[in-house]
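Colleague: Chain residues, written in single-letter form:
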Amino acid sequence: MHKSIIWINLLIWYREAIFEKRYLNNYLNGENNMKKLLSIFAVAAFAFSANAGTLDDVKNRGFLKCGVTTGLAGFAAPDDSGEWAGLDADMCRAVAVAVFGDRSKVEFITTTGKSRFPTLASGEVDMLARNTTWTISRDVNLGFEFVGVNFYDGQGFMVPSALGVSSATELDGATVCIQTGTTTELNLADFFRLNGISYEALPIETNDEGKENLFAGRCDVYTTDASGLSSTRAAAPNPDKWKVLPEIISKEPLGPLVRHGDHQWGDVVRWSLNAMIIAEELGVTSENVDAQMSSNVPEVLRLLGVEGNYGEMLELSNDWAYQIIKQIGNYSESYEANVGPDTPLEIARGLNALWTQGGILYAPPFR
Amino acid sequence: MNEMNEVRKPPVATTGFIGWLRINLFFNWTNSLITLFVIYCLYQFIPWILDWTIFSADFKYNYLGEQITNQEMCSRNLDPENGGACWAVIYVRFYQFIYGFYPKVEVWRVNIAYAMLALALLPLLYAKLPYRKYFLYFTYIFPVIAYFLLNGGLGFTEVSTNKWGGLLVTLVLGCTGIALAFPIGIMLALGRRSKLPVISMMCTLFIEFIRGVPLITLLFFGMVMLPLFLPEGIDMDGLVRVLVAVTLFQSAYMAEVIRGGLQAIPPGQYEAAKSLGMSYWRMNLLIILPQAIRISIPPIVNTSIGLFKDTTLVIIVGILDLLGIGRGTLADTNWLGLSYEIYFFVSLVFFIFTFGMSRYSLYLEKKLKTGINMGAD
Chain A
0 MHKSIIWINL LIWYREAIFE KRYLNNYLNG ENNMKKLLSI FAVAAFAFSA
50 NAGTLDDVKN RGFLKCGVTT GLAGFAAPDD SGEWAGLDAD MCRAVAVAVF
100 GDRSKVEFIT TTGKSRFPTL ASGEVDMLAR NTTWTISRDV NLGFEFVGVN
150 FYDGQGFMVP SALGVSSATE LDGATVCIQT GTTTELNLAD FFRLNGISYE
200 ALPIETNDEG KENLFAGRCD VYTTDASGLS STRAAAPNPD KWKVLPEIIS
250 KEPLGPLVRH GDHQWGDVVR WSLNAMIIAE ELGVTSENVD AQMSSNVPEV
300 LRLLGVEGNY GEMLELSNDW AYQIIKQIGN YSESYEANVG PDTPLEIARG
350 LNALWTQGGI LYAPPFR
Chain B
0 MNEMNEVRKP PVATTGFIGW LRINLFFNWT NSLITLFVIY CLYQFIPWIL
50 DWTIFSADFK YNYLGEQITN QEMCSRNLDP ENGGACWAVI YVRFYQFIYG
100 FYPKVEVWRV NIAYAMLALA LLPLLYAKLP YRKYFLYFTY IFPVIAYFLL
150 NGGLGFTEVS TNKWGGLLVT LVLGCTGIAL AFPIGIMLAL GRRSKLPVIS
200 MMCTLFIEFI RGVPLITLLF FGMVMLPLFL PEGIDMDGLV RVLVAVTLFQ
250 SAYMAEVIRG GLQAIPPGQY EAAKSLGMSY WRMNLLIILP QAIRISIPPI
300 VNTSIGLFKD TTLVIIVGIL DLLGIGRGTL ADTNWLGLSY EIYFFVSLVF
350 FIFTFGMSRY SLYLEKKLKT GINMGAD
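Note that the protein sequences, when read in sequence, are chains A and B. First residue of the first sequence: 0, per numbering that gives the first Met the number 0; consecutive thereafter. First residue of the second sequence: 0, per numbering that gives the first Met the number 0; consecutive thereafter.
It is possible that some hints are incorrect.
Unchecked claim - Below, simulated DSSO-like cross-link-like pairs (lysine-lysine); rule was C-alpha separation at most 27 Å, straight line:
id, chain 1, residue 1, chain 2, residue 2
1, A, K325, A, K58
2, B, K194, B, K273
3, A, K58, A, K104
4, B, K365, B, K308
5, A, K113, B, K162
6, B, K365, B, K132
7, B, K132, B, K366
8, A, K113, A, K325
9, A, K58, B, K162
10, B, K59, B, K103
11, A, K113, B, K194
12, A, K104, B, K103
13, B, K132, B, K308
14, B, K127, B, K308
15, A, K104, B, K194
Keep in mind the hints are simulated off the structure, nothing from the lab.
For reference, chain A alone in the conformation it holds in the complex (with noise of 0.2 Å):
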C-alpha cells in the first residue's frame, strides 16, 4: 500500500515536471511566439494593402504582369521573334509605358478564359486586357473594374460568297453551325425567331471544327463574334470566297479590367487608353508627336503635359501620355498594325470608329 502510494506520488511528480519544463520553454520562447504571431498580421496586413497599391507595387518591381489570351489573331499572340503583339498586347504595352516610359518593362501572362478571373483576384497579374466581355456580373459580382472598351464586338455571321446573300434575314432554312452551350447560341434562336425565319443547328464544340464544317460546306452559316469570323476567313485558303455578313446581333464590349477597390490603379490603365483614343481624335500620332509639342491646341497641349500637372495626378511622369503615343501610337494605328483593314483579318472600324466618325469610341475630355 505504501508502495504504490510513493509510485503515483512519483508519477504525479514526473508529469509536473514535464508540464513545467514545457511551460517554462512556454515561457521562454514567449518572445519567439509574439514574432510570429506579429509576422502573421504583418503578412495579413500586406495581403490587404497589396490590393490598395498596385501602381506602387508595380513601380516597385520594376515591370507591369499583364494577363492576355493564349493566342488570338489580332488581339495578343507571339510573333516571329516571340514578342507578343495585337491590340490587347498594345493595351497592357501602353500602361507599362505610362508607369515605366518603356515599351518593354512588361511581362505577359497567359491565361485561358477558365483562369482568367482568379489569375487577376490572385494578385497573379496586375491587369488583364484579354478580350473579356464587359458584363454585370464580371463588373461587380465578380469584383472586378472595367475601365473602359478597347474593342466592341459582336456576333455576326459568314457564308460563303457564293450564296448570294446580302443580309442575314434572307438566311430562311439555312443549316447553321453553332458552338453549344454559349451565349452565341442563344443570341441566335433569339434573332431567327425575331426574324420569324427558321434554321437547322449544325453543334459544334470548337472555333476550328466550325471553321472545317463550313469550309466543307456542311453549314451554310457560322456564327460567331465578328472578329472570330474574321480570322477565320483569313485563315481559309481563298479568302474572297467566304464573306462576313453586315448583321451585328450581339453586343461584346471588351476592355482591359483591374482588381476592384484600387482606384488609384485603376485611373492609370483608365486614362492610358483613353490617352490613345483621345490623340486619335485630335491626329496626334506616333510620327507627328514631337511637332505637336509645339501645337496651338490647348488639349494637345494638355495631353501631351506640356500644360497642366496631369502625370502627377496619376502618380506619373508628366509626359506619360506622350510616351504612350510615341512608342504605341494613338488608337486608330494599334488597330490598323493589328486588326485593321490592311491585316489579313480585314475588320473595317465600324463600332470601333470615333464617335466623330460614325463609331461609338468615346473618351472623355482631357482636362
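Go by the hints and put chain B onto chain A.
Modeller: Leaving out everything else, chain B in the frame of chain A:
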C-alpha cells in the same frame, strides 16, 4: 536405294519469302482479303502523304524561290491546285517550339541542359556503359544542376518560368513528373499494403482521391485555388504549382501499377525473406520490390507515356507547352490557317518521344526477362 535416303527439300510454298507470305498474309481467304484491302489503302495513302509532306512541300522557299515569311507566301496559298505542306512556319518558329520565349542570349543554358539530360539518360539506357556508376551519380545530381541552369541562381541570371515554353516545358513537366512520381508511387503502394491501419488508410485515401478526379481538376486546383489559400506575400511559381499537381496525379497512378506488381509476388517470397530474419525494409528492398517493379515495367511505361501526353493539358492553365506554342503560332495573323502543318509537327515530336519510351521498355523487358515466369505458379 540411295535415292530414298536423299533428304527431300520442303515444299517451296512453306519456306523462304513465299512461305512467309503464305503463312503471314495469305493463310486463308479472310486473311487474303484483309491483306489486299490494307495494301490498297496504303497504295492510296502513302503516295499522297509523301507528296504532301515532302515532294510538293515548301521548307523554306516557295515555288517562286522566295523565302516564306507568312502564310500568304506558301505555295499552296499562292496556287491552291499545287503545293503541299508549308513547313516554313516550323522553320521560322523553330526557336519558339524548342525554347518558348527563353531569352536568346541565355539559350545556351537550355542547350546545355538538353545535352546533360541526354547524358543523364545514358546510364539508364545502356547497362553496359563503361564507368556506368559515375554516370549514375551524374544522373542523380542532374535535376539540381538543371534547376539552377534553367531557372537561374548561382551566378546565372534568373529567367522567369513565364518565359519558358515549347518542348522545354513539355520535357520539364514530363521528366519531373515521371521521375518524382516513381519513388512516391512506391511509397504509396507499400503504404497501401501496410498492416498499419493509419498508414494504409491515408495512402488509400490519397490514391483514391487523386484517381477519382481528372488531371484538369488537379491542374485547376494547383493553378487557381492554391494562390487563394496562400497569403499574398508568398508567391509560388506557376510552373511549380502545375508540377506539384502533375506529380501528385502521376504518383497515385504509379502506386496502383506497383501495387499490381506487389500483389503478383507469391507469398512464398515474403515468407522466405521473413524466415531469413529480414526486416520489413530489407525484405522489400532486396526481395520484393526488384521483382515487383520488374513485372510492372510495361504498365509503368504505359502510365509514363500517358503522363507525357497529358502534359499538353497545361494549356488550360495558361502555360504554353509544345502544343500551346503551336496554338499561339496559329493565332499569329502571319500564320493563320496552317493548322495541319503545326499539328503534324507537334504530333511528330510527341511520337518520337513516346515511341522511344515504348522501345526502351521493350529493351528493358528483354534484358530483365520479365516474360519468364518467376515461380509464381
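Colleague: Tell me the numbers of any earlier hints that the structure contravenes, in ascending order.
Modeller: Those not satisfied are hints 8, 11, 13, 14, 15.
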